[in-house]
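Student: Same order as they appear, the protein sequences are chains A and U.
When we follow this note's numbering, the leftmost residue of the first sequence carries the number -8, and every step to the right adds one.
When we follow this note's numbering, the leftmost residue of the second sequence carries the number 39, and every step to the right adds one.
Hints are supplied without guarantee of correctness; some may be wrong.
Stated by the list, open to error - Straight-line alpha carbon distances no greater than 25 Å define the calculated SDA-like cross-link-like pairs of lysine to any residue that follow:
| id | chain 1 | residue 1 | chain 2 | residue 2 |
| --- | --- | --- | --- | --- |
| 1 | A | 95 | U | 96 |
| 2 | A | 95 | U | 221 |
| 3 | A | 95 | U | 251 |
| 4 | A | 95 | U | 229 |
| 5 | A | 95 | U | 236 |
| 6 | A | 95 | U | 230 |
| 7 | A | 95 | U | 226 |
| 8 | A | 95 | U | 234 |
Keep in mind the hints are simulated off the structure, nothing from the lab.
Here are the chains, one letter per residue:
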Amino acid sequence: MLRVFRNRPYLLYLTRKAFWYLVAFVAAVALNFFLPRLIPGNPVSVIVGQMSAGAVESATLERLYTAFMRDFGLDQPLHVQFWTYLTGVLQGDLGTSFMLYPSKVWDVIRQALPWTVALQVPAILVGWIVGNVLGALAAYKGGTFDRFAFTGSLMLSSIPYFCLAIIFVYAFAVHWPLFPASGGYSFGYFPEWSWAFFVDALYHYALPFLSLVLVAIGGQAIGMREMAIYELNTDYVNYAKKLGVSDRRVVRYVFRNAMLPQITGLAISFGTLIGGALVTEAVFSYPGLGSLLFTAIRQVDYPMIQGITLIITLTVLLANFLVDIAYGFIDPRIRAGQVGER
Amino acid sequence: MQSKRHARHTILVMVLALAALVVAGFAQAQPLPRNETVYKAGMQWGPPPGFNPFMSGDRWPVTQPANDGHLIYEPLFAYNLLSGDLDPVLARSIEWVDDLTAHVTLFDGTHWQDGLPLTVEDVVYTYDLVERYDTPHAAVWDYLESVTVVDDRTVAFTLDAARPHRAMVLHELTMVRIVPKHVWEILELDVDTILEIENWEPVGSGPYTLLRHSPEQVAVERFDDYWGSEVHGVPAPRYIVHPIFRSNDAGNLALERNQVDWSQQFVPEIWRMWEDRGLPVGTWFDDEPYFLPAGIPSLFINLQRDGLNEPLVRRALAFAIDYPSIAETAMSRYSPAAQSSMIVPVGVAEQRFFNEEDVAEHGWRYDPEEAVRILEEELGASKGNDGIYVLPDGTRLGPWVAHCPFGWTDWMTALEIVSESARAVGIDVRTEFPEAPVSHDRRYTGNFDLTLWTPEGGQSPAHPWIRFHHVMDNRGVADIGGIAFRNWNRYQNDEAEVLLDAAALTEDEAELAEIYRQLDRIFMRDIPMIGLMYRPWQFYSFNETYWTNFPTENNPYAPPMHGHTGMQIYLNLQPVER
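Chain A on its own, in the form it takes in the complex (with noise of 0.2 Å):
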């Protein structure tokens, strides 16, 4: 074992997950690159058919598409246009979108992501919240409350989100017009920084948000339910009633214990952040980079799928991360473990 790391087991810990989730980079930004090729159809053709329209001479065409696929460097082997990539990422240049040509890939993700972080980080975090508190208050209460508790939480975490949206789109929105069917925020408004417009996306906000929340919820609360009445039934448990320690204080005990797993499912949950959001995106025809991804894989745009997969990757690799940098500190076992040989 090297020196540096004598009597530093967690520099230790962290260095060897930092060096894995190199590694896991590395191997995803290759498939990044590699699978929307694997989708079948031709990028260019696409786009040089929709300038077609208008009896444009085949001569043209073919010199716009030979043009098109120079410019995209389409016409260059794989193992160079994945090098091309691969410096482009490393300098920050996730290139030119095909769909939007000649949109910068980064210019249109820039615009559509706040969208999707302001719809989808409240509602994970909420649904985690109010998830575990009901989770552990149903474990410890136990009976009626319980059962309410649980049933419910049972039904909504077994719907697929995409299906309550689309229950929350036909009732409050077709059948019932309570709130707007589809965007962010009302037409004949531009996001801006007014109290009109604020109350304005609010009340856009609110169905995708419940139906992501309610979801959320029903998952988590079920989760910690099965821990905590795991935990409070432990020997440590029942040593410490004997003890005559307070109810209080047991529950804490119990709850911090619980807590682990759970982090490790927030972890998760921000990991499929962006992909998450993408039907519900699509049901309420909601901004974010869920749609602008869908649309993109139906149209071959290779960098702007690259673009999103990317952003994607980094989130689930860097929740994931935080998350073991967390369990370095929340729990002394991870830590001892990694001097454990010796």
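We have chain A already, so just place chain U on it with the hints.
Tutor: Coordinates of chain U only, in the frame set by chain A:
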């Protein structure tokens, strides 16, 4: 404990103070006034990738003249869908001074939105730009020799003596929007091709300027110093906004809820909006087919496949297809039953060339018994145990796959009907619906049995010539396996090519009628494709809750279009008093 509680209070106070600050900082912004704004739908489906009028793809309102394409940039002329004429926009007139030369005269006082005058130099520069950079409209130079200044208001368009084609040049005069030389001269310095220019701050000559844009909507505002205020008039709406819907359903719901005033989207069974729900929604006709037919979505047949290479087999297939059912079911009654001609028989200017007698004598219609007769008597085919005919040489009629892009539901239904009615007769046609890029690729490379597409779906001064050219002219088309953008089955016929060239040279109505008649008869004899239905160029529907006086069949002051001469609709709309 005491200190913890204290800390909590402090945090609470701070949060409240911050919230108060944020609220106080908010400006009292209002949305655009509803009674001064027209909302549109159906022409922009993704974030705008800039406002370059030379690029294709969704760039409302600069994409193409038909899609509000005169709001910011203007062409010389507008195409009138109803009359087939060129209506003036920047140019007041066109005059042929000899066989090859047209003099186009600009209106006096034309100027750009930045105040500088719009001159003949701008026109010459724009056409030069179009050629130098291989833009989609470089096609105009296939027929042009030069564009030159005659005097300070007149430009001469000289046709290429080797390949003169007035109609195609007229077509492009309506398509190419003139850009300011003083702006684009500088823009083009930094790029390899002008197609790379995003052009976020378009400076045009039109009656509107870009107000704001986001990935969710694009808005334009009336330009009150418009040069054409006296010549053309002042448009009624102060703002025009195109919200960007992510699905057809969202846009259709918005039309129903009068959040959209004027839509270019396909709305299934639109008549239910006024018949069942009493909404103030309308289309061009109050009754079937509701929209003006303009294009012919057609089944292109691979002429090399065994079986399909036999014209009589294609003829039997043509008799087998249930056209009335396609019009009724797949096209939501928005199309009359397709007839066996390459000319649209109703509504648009080209209908004058439609020859009913020829169609009756040489064409086809839904008649399964006739299909069976051709197969059995003329071809001597016999039915196999599986109910599918086999030719005397042992060729089984199918399986042949008919395909169109997935998600194009009206077309998917149409192909299902083709498949069903062909199998009912004894021809094995199946369907497949790949994603659009795959479908396009197969069509371009000729790798299909049967594929559905609309040859030249719009209308222009060059119709129906351009449609015949698309289907029957094999010159300049890549061989099977290469990429072709028209004549996908590589149909080749010298006689048709001679007729096409003759049609390009004449403007004599009687002569044209005779040429198109002959071309149509060749088409009915060789059957390189089968028209399945008619499709409007644009779906023109409106909701009159906030704006009235949209033109209809009974009030036809402008054609049912979102662009070209349809621009006049903006001049005539009236806000509803409330």
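Student: So, for every hint listed, does it hold in this structure?
Tutor: Quick rundown of the hints versus the structure:
no. : hint          : result
1   : A/95 to U/96  : holds, 16 Å
2   : A/95 to U/221 : holds, 23 Å
3   : A/95 to U/251 : holds, 17 Å
4   : A/95 to U/229 : holds, 15 Å
5   : A/95 to U/236 : holds, 10 Å
6   : A/95 to U/230 : holds, 16 Å
7   : A/95 to U/226 : holds, 19 Å
8   : A/95 to U/234 : holds, 11 Å
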